[in-house]
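Protein chains in written order, with this note's numbering: chain A, 137 to 697; chain W, 1221 to 1550.
Keep in mind that the hints were calculated from the coordinates and are not lab data.
None of these values were measured; they are calculated from a predicted model.
Treat the hints with care, since some could be wrong.
Some chain A residues near chain W, calculated using beta-carbon distances under 8 Å [as the list claims (entries may be wrong)]:
1) THR173
2) ASP177
3) VAL184
4) LYS185
5) LYS192
6) SER193
7) LEU216
8) THR263
9) LEU266
10) LEU267
11) LEU272
12) GLN570
13) ARG571
14) ASP575
Partial list, derived from the structure: chain W residues whose beta carbon lies under 10 Å from chain A [claimed, not checked]:
15) HIS1250
16) LYS1255
17) ALA1290
18) THR1291
19) PRO1322
20) PHE1340
21) SER1457
C-beta atoms are modelled at their ideal positions from N, C-alpha and C, and glycine is treated no differently.
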Amino acid sequence: MTATDGARDASLVEILRGGESAARVPGWLQWVDDEATRWGDSINPILVKETRQALKSRQFVVTFSLLLLAAFAWSVIGSLLQMPQIYYSPSAPRLLVGYYFVLAVPMLLVVPLAAYRSLEGEVDDGTLELLTVTSLSPVQIVTGKLGSAALQMMLYFIVLFPCVAYAYTLRGIDLPTLGLLVGILMLAGIGLTMVALFLAPVSPGRTGQIAALLAVMAILLSAEIGIGTLAINLIRNGNPLSASQTAFIVVATLAISVSLMGILLVATAAKLTPASENRSTKVRVASLVHMFAVVAVSAFSVMAYPNQTNGMFGISAAILLLGYVILFWMIVGAMMAAESPSLTPRIRRELPGTFVGRLFFTWLTPGPATGFVFAITTLVATATAANWLYAESSSQASLSGQQAETIRTATGLVIAYLSIGFVGVRGIISFLRQRNPVDARVGIAALAVTLLLMAVVPYGLGLHLNDYRQYEYSIWQSPNWAWTLELAIRGRLESEVVYLVAAAGAIAFFGHLMLLGQRVLPQRLATPERVEAEYRRMAGLTLIAEPETDPLGLGNREPTT
Amino acid sequence: MTGSVLAADVARHGGVHRERSVCVELRRLHRFFGKTKAVSDVSFSVERGNVFGYIGPNGAGKTTSMRILATLDLPSFGEAFVDGFSVINDPELVRHQLGYMPDSFGTYRDVVCWEYLDFFARAYGLVGRDRIRRLRWVLDFTGTRGMAEKPIRGLSKGMKQRLCLGRALVHDPAVLILDEPAAGLDPRARIELRRMISELADRGKTVLVSSHILTELAEMCDSVGIIEQGRLLATGSVEEIQRERAQHRDLVIRVLDRAGEMAEWLSGRDSVRHLLVDGQLVRLEFIGDVSHQAALLRELVVAGFEIAEITARSKSLEDVFLQVTEGLVQ
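Bound conformation, chain W alone (with noise of 0.2 Å):
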């Protein structure tokens, strides 16, 4: 009896998973192949229950991560860590804890989905009422079970992510890896995905999920990681991550008249750049924290600007990925 959720576990820890903070983690991670640094000194951590998104372009080094946390490559160097089991010496323990979502979707021939579902529950050691109560509640949950005996082969693009990531649960793992999970999925079926992400991290599942389509992630993800060309650039929160870096903000200013002049007065501050005068709106770029940009408003409303209206716009996911990035690729 391997790789399930075991009675005395639940009693023990009293829920699924047991309490410790940090859930997976990575220690100066390194992968080379050959001359190509895929995987650069990376480290972070994510703590139990929370949704990590990893973010990269394409040949960032993201899925070489992915695979290594997975127990499918072993690192040129460091160590990495999942609920405290190490995937270099104890990839067994490992992969009892983590379900593994794969950007390819790995499908047998003449199997319907039922089948494909039965197979890994068996492969994960689940046996007897157990294995059906399990395949039950994931069929429920991914809202498959409408296709159990269909062939999966003829399922859409959509359906066939739902069954993978419910081969991914069949175990009930504490860990989720999923790499690429919305990629190609059309918008009805990237919110259905979303609200069972948010569904598994509140049932204290630790997510670690790595997508393109950035202002999803910042809806669900607690913690992002930037990486580029194999490091990783920044970690933390969107929030953290935009107060760390977004010393640029756009301000919107809308005055009641002398817009102008007002223009004109702010142009010869070091401060401001592109400004653009837009009947009563004054766009511009200011660069400077929250403190200096009260500082310059204390300023105009001194110098006698009215000013009926002002707007700071926070940077996206997007302008922070493409702020902390260089758009440099392997």
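Looking at chain A on its own, in the form it has when it is part of the complex (with noise of 0.2 Å):
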């Protein structure tokens, strides 16, 4: 915190002690301060309690201490190292090297595992439910708990920014990279706090809090080598892209991952929204955000660097697009199908009002045949957008069009199994709905048992019929998704099939869309007069304050500790 709320923090438990502030201070003075309060009033309570238990903590001394001296030692021992030559030879980047491990331990493992053990720790004291009874939104709490450990990493950078100053006076950097260094360092570690805070299990049980931890471990730990590899290499290389090519790379790295940030945010929030409210509209939204960012950043780059490495780059990108978003469709999809289908009288309160409302937005609303549509339709755009942009390469890159066609056949097919096996989610779920509430993420589980099974069956069935002999691929066998790509990817598979399986996607597909008919009815309930007025009156009016009392007589008794 800064001085300014260091010194109204004290002058607020010198008024709680002994009533209102006795000095008389000058006009300007008060104006200063009310501003200073004002500001500080602003500021999310969460982020200012987080950072007040982070600056106290033994945790944040320990490692405050542990950087200053790990700096103050590595400037005197890599510089002694390198003597003489630091005298006229370029000496930062080895420095830097140095710098940039004190630096990371910190930014990429203390503080996103200091903010994942702050939310599973309202888990378990149960303080999380002292804050759900509170004003504060749930966004407010993760926001408030990542703005902590935003403004820690900078604390740290801060103590470190003295001997990065040093060690650029040695030459051998420049500034740009430098920079690119500190935006890498710290995009990485508030992204990798939203990974822990997303990872933080908002339920109390045992085994999930230990599998979670070991995952955040494992990400935290694959991340600060990768990223360490990738800062090593920038600090002894230099940047070998052009001006324009770093500024694609800086934007598109920003957009994809502030846009990833995003949906954990939303999606981290909605697991500590309760049940009755809207959780998925706005992951519906983050998501669409998302992907959009991502096929924008593939499209531009195989349009501004069509003859990259022959055309290799573009084939590459699309590659990488297409295979993302099948996976991402593939999770939050399968999350999506596994929504409850109910829609509380809440959630019919904030439904699109006007025809135009719910022709465009229905599929943003919660429900598992809203998902279901949204998944596909969305899953369908971005593939077409991925094969069109490797239909685009493969021409540059002087390819035959039977790989494109080859890539064409096994993502329909991959789109049309995904709504089949949505359809086995929605089963299983309505079937483990009727004996207990069911979360959204079982909605993978699910999917990957409705896949296995999808693949086993037909395959186990065509075994027995064969006496465990090894048999030919047939008709009969098209449930069975592995076996189905498998030959296409290899061009022997034969149309019937293909036709066969983009049926039963298709009729999936439509059979939700003309459940989903009624829904785009007007259904929307009316907000009650009286719940309307309420927030209206909430809306602006100030604090009347309670009659001073002290009914027990204990105001000043020193308590009994």
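With the hints as a guide, dock the two chains, each given alone in a separate frame, to form the complex.
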């Protein structure tokens, strides 16, 4: 926190102790104080609390002290090791590599892990429930913790800044590369903190907590290695890209990572939101924004650099995009297909009210049917974009159209199988929901089970019917996606099977579309007048002080602890 | 600016709260966890400014009902309202109206008492000097001003409970839900807590309190609800429940002489059980209401027994509780 905040806190304690501040202050100072108070009050309370806690914690004191000590030690040792070349040859890279390691540990490991522990601790200590009954929104809770982590990272970086400046004076690195390095570290730190918060469990189950902690540790350590490799390469070899390429990479990385963090943010907030509220629309909007960013970046990269590595760059980008969107919608679509079909009156109040609204935004409203259609439609759109990019790039690379055709067929089959798989998810979840409330995340497991059954059952039956001997693929194996896709990629799949699978996928899709007919009709519930009046009442009036009392006569008594 | 007592509201309604008689209402509330019926068809209402005691053995469904009222859980069926707002459809509005004190005390590491209260005041949307004024009131009311700068982790159980009550009061809610607030407190801390709750009720707050210490509930509650195995077995004031349930009375009759003879005379009656002669005293359990008791006395006098004194021990809340519940725990 700033010095102003500290002073304000001190005066707050003074006021709490002995009544209103006794000292008269000049008018301008009062104005400054009022403005500082107003500014302080507008800050997210979680950010204030987390920062207060963090700065007083033993973990921060130890990390901060070690960082200072390590930076000082490396400045001395690193400089001595480079004597006497340090006087006449560029020596910054070696020193910066050391500083990178000093800074990367708190930024990429300690702070994200502390943020994870903080949210997990809220669940363990029962304070999350106390927060839930306040006016704080789940998004505020998550952004507060994220903001506090970012603030701590800034502090660690500021501590190391003089050392970095010292290294810069030793020559061997330029300012843009240095800026890029700091940017990578900050973005990675915030991104990893978001991932850690997303993985922080919101239920107190011990097994889940251990699994989540292991996953977080694995991700953080992998990131430490991956980003470390990138950073050290950057320090040692400099930036090999041109200014325009660097600008594109920066913008692309920012667009993709920020939109992905947006999804994680709203998904984490959704985990903290009660089941009666709309937990889905924000995730869908964030997913759309992310898809737009990913496709736009991919398309721009293919368009802007058509002849890069003889067109193979575009082909790689298209394949990467295709794989990513399929994986993304497989996970997100399975969770959406597992949403509860019942709309609470609260959610129905927020449904689109106009015909145009219903026409365009019904897909963003919660429910498994809308989720199914939303996921498949967006997957078709993004996969089509990826296929188009592939076709464009393959013509640039003077490849035959056969490969593009194969990719198109395989993509269509994957989408059709996912459609059928999502139907399976809905079936399994409906069955489970009869006994217990089901979390949307169970949808991923349900999809895995469905896909496993789709592959294993026909294969097993075929094996049984052929006396457990090897047998040829036939149309009866069309539900077996693994075998069918393998043949499709090798170009040996008969067209009847393709039509059959595509027809099954289309039936699943259009069946859902027909089921959704009713949803497009007006079903919005009016908000009760008293509820609206209450919200209006809360919008801008001021608090009245309670009469000051001390009914027990305990006010100044020393407590017995 | 949310979650606060608002000037216009106060002016309009002439006090902290609006003039509506029922403040908390549960309508056919059900909550199932798999096959377990944690709460089954529970309905009751609490009037504004009343203290309602929620009594039941462990696992009876008290905490589940309270969590539903506090918008922390959703009912499987049924509805619950706080100040007329549904806990399902308008949880934000409900949260502004209520202060919740769970049975476990949630603490933060490296936080002192005033920071804890200040954080929750901010979280309820209190700003500027209003927040400071409110914090002062809470620190005074709960008697925690002297420990404002002490770390929470070092506080005693009683002090933590006070601080927790302060947290629940920081936004001046109309309704307080206190889950086992007296659990683990020493007698003095219990008395102080009871006084604070009574003071809050006098100020118009509606308090829903659960406890195992029935004598204390009997003293401070306007009405009680007895719950077992998720079902509400009885509700109303302690006297009402006693009247409804008290068909069994413990009578002690002091006679000048012939106590044994009187016991023999009484033993022939169906309405008398468990006779015991103790010198001049005849102790018995009488089955019947007050009019039947008066008739029995008349007959004793007519029969020539010289009765010096008769005492009817009214049943305590503990007796009523034991009578109403069957000691079954899920």
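A quick look at each hint next to the structure:
no. : hint    : result
1   : THR173  : holds (6 Å)
2   : ASP177  : holds (4 Å)
3   : VAL184  : holds (7 Å)
4   : LYS185  : holds (4 Å)
5   : LYS192  : holds (4 Å)
6   : SER193  : holds (5 Å)
7   : LEU216  : violated (39 Å)
8   : THR263  : holds (4 Å)
9   : LEU266  : holds (5 Å)
10  : LEU267  : holds (7 Å)
11  : LEU272  : holds (5 Å)
12  : GLN570  : violated (11 Å)
13  : ARG571  : holds (6 Å)
14  : ASP575  : violated (14 Å)
15  : HIS1250 : violated (14 Å)
16  : LYS1255 : holds (8 Å)
17  : ALA1290 : holds (6 Å)
18  : THR1291 : holds (6 Å)
19  : PRO1322 : holds (6 Å)
20  : PHE1340 : holds (7 Å)
21  : SER1457 : violated (25 Å)
Checked against the numbered hints listed earlier, the structure breaks hints 7, 12, 14, 15 and 21; every other hint is satisfied.
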